[in-house]
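Asks: Going by numbering that gives the first Met the number 0, the sequence shown opens with residue 0, and the numbers climb by one from there.
It is possible that part of the hints are untrue.
[Said to hold, decoys possible] Calculated lysine-lysine pairs in the BS3-like style (CA-CA distance at most 30 angstroms, straight line):
(1) LYS255 to LYS272
(2) LYS175 to LYS268
(3) LYS64 to LYS228
(4) LYS289 to LYS65
(5) LYS268 to LYS72
(6) LYS175 to LYS90
(7) LYS185 to LYS153
(8) LYS185 to LYS272
(9) LYS228 to LYS72
(10) LYS173 to LYS289
(11) LYS228 to LYS177
(12) LYS272 to LYS175
(13) LYS65 to LYS171
(14) LYS247 to LYS185
(15) LYS242 to LYS255
(16) LYS185 to LYS64
(17) LYS72 to LYS153
(18) LYS242 to LYS307
(19) LYS133 to LYS228
(20) LYS268 to LYS242
(21) LYS247 to LYS173
(22) LYS68 to LYS133
(23) LYS133 to LYS3
(24) LYS90 to LYS68
(25) LYS4 to LYS68
(26) LYS255 to LYS173
(27) LYS72 to LYS247
(28) LYS153 to LYS177
(29) LYS247 to LYS272
(30) LYS153 to LYS228
(31) LYS307 to LYS264
(32) LYS299 to LYS347
(33) LYS299 to LYS228
(34) LYS175 to LYS255
(35) LYS272 to LYS289
(36) LYS90 to LYS153
(37) LYS3 to LYS64
(38) LYS268 to LYS177
(39) LYS242 to LYS185
For the record, the hints were derived by calculation from the structure and aren't laboratory data. From a predicted model like this one, the values you see are computed outputs, not experimental measurements.
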Amino acid sequence: MCTKKEELRDIILTGMQPFLNAPLMEILNQVVVQALFGLEVTESETLPATIDDTNQRIISIYMTKKAPKLSPKTVEYYMLTVRNFIEFVQKSLLDVSDMDVEFYLQSYARKGNQASTCNNERRNLSAFFTWMRKSHLRSDNPVDSVEPYREMDKPIDHLTDGELEALRDACKVKVKNKVTNLDEYKESLRDRALLEFLRSTAVRVSECVSVNVQDINWQSGELMVYGQKNRTWRTVCLDDTAKYHLRKYIDSRNDKEPALFISSKRDCKRLAKPGIESAIGRIAERSGLKRRVYPHLFRKTTATNMVKRGCPRELVAFYLGHKNGDARTLNKHYAATTPDQVLGAFRKYGAAA
Numbered sequence: 000m001c002t003k004k005e006e007l008r009d010i011i012l013t014g015m016q017p018f019l020n021a022p023l024m025e026i027l028n029q030v031v032v033q034a035l036f037g038l039e040v041t042e043s044e045t046l047p048a049t050i051d052d053t054n055q056r057i058i059s060i061y062m063t064k065k066a067p068k069l070s071p072k073t074v075e076y077y078m079l080t081v082r083n084f085i086e087f088v089q090k091s092l093l094d095v096s097d098m099d100v101e102f103y104l105q106s107y108a109r110k111g112n113q114a115s116t117c118n119n120e121r122r123n124l125s126a127f128f129t130w131m132r133k134s135h136l137r138s139d140n141p142v143d144s145v146e147p148y149r150e151m152d153k154p155i156d157h158l159t160d161g162e163l164e165a166l167r168d169a170c171k172v173k174v175k176n177k178v179t180n181l182d183e184y185k186e187s188l189r190d191r192a193l194l195e196f197l198r199s200t201a202v203r204v205s206e207c208v209s210v211n212v213q214d215i216n217w218q219s220g221e222l223m224v225y226g227q228k229n230r231t232w233r234t235v236c237l238d239d240t241a242k243y244h245l246r247k248y249i250d251s252r253n254d255k256e257p258a259l260f261i262s263s264k265r266d267c268k269r270l271a272k273p274g275i276e277s278a279i280g281r282i283a284e285r286s287g288l289k290r291r292v293y294p295h296l297f298r299k300t301t302a303t304n305m306v307k308r309g310c311p312r313e314l315v316a317f318y319l320g321h322k323n324g325d326a327r328t329l330n331k332h333y334a335a336t337t338p339d340q341v342l343g344a345f346r347k348y349g350a351a352a
């Protein structure tokens, strides 16, 4: 449980949260902690009563102290789970037991959710209760003793060499021949460059969107991308095939837009996430492949090919920008891994043949 000092700090922070942004809230937290250091706080008539240990107050503290350190999507994801859980158990988060968690997940599974989906729900709850424990709102995490659901192993979705070639051949656009007035197909430099970029770098769509032309070191083929998911920068690599098609695409442009990929319309705006997804979808449709093709599939394909060719899984994970998985094991390996090793691994195992 919180001490009186911690309760006072939380009352101040939650009271100021609507008026201050995240950086200022962090400064306020530091000032309050420093001011209260060495003091004993006891309840009196001039101070607020003990903190109202309601679920809403706990969530308010979470939104004030923890949420600013996470991505908005992660916070939204966690809060959806927590609010659904509160509605289900109808009790204070301070009084939740492992049986409550287990019964909630059983009910969640009975709705037809797969084991992997149930485990995602379990992880969200565990993350929230871990924060409560670290914040001294609880002495334990009730999710710890609830076993995760057993997930069935399934093949990782990826493109075969033949499917990738079919997609490359489909990087064409229909144009009208001014002489014959007949429809013809010519190579879409942007689509081919986009395909090769996703394949070579294995970036997430959110990372691809923010890349600018000037970010690329054309001599080494390296570029830094920012991962919104884990808020870290990492270096990825363009192989010779990707560099060739990117150069052709960039040299064909007459705009002044700094973005690496722009829309094919006259406005020449930065290609956003929906635009990238649509472009890949149209390539897939033209290819005639009877399977789902999406941007993240190229990320999976590159990772799969690197592993197939003998690259250590830890280096593949590092190239992809993963910081989790078996964190204790992988992070120990990361600590002894240099960026040169990671890029060397891609050049050896991931570059196009």
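Asks: Sort out which numbered hints this structure fails and list those numbers smallest first.
Replies: The structure breaks hints 4, 6, 7, 11, 13, 16, 27, 28, 31 and 36; every other hint is satisfied.
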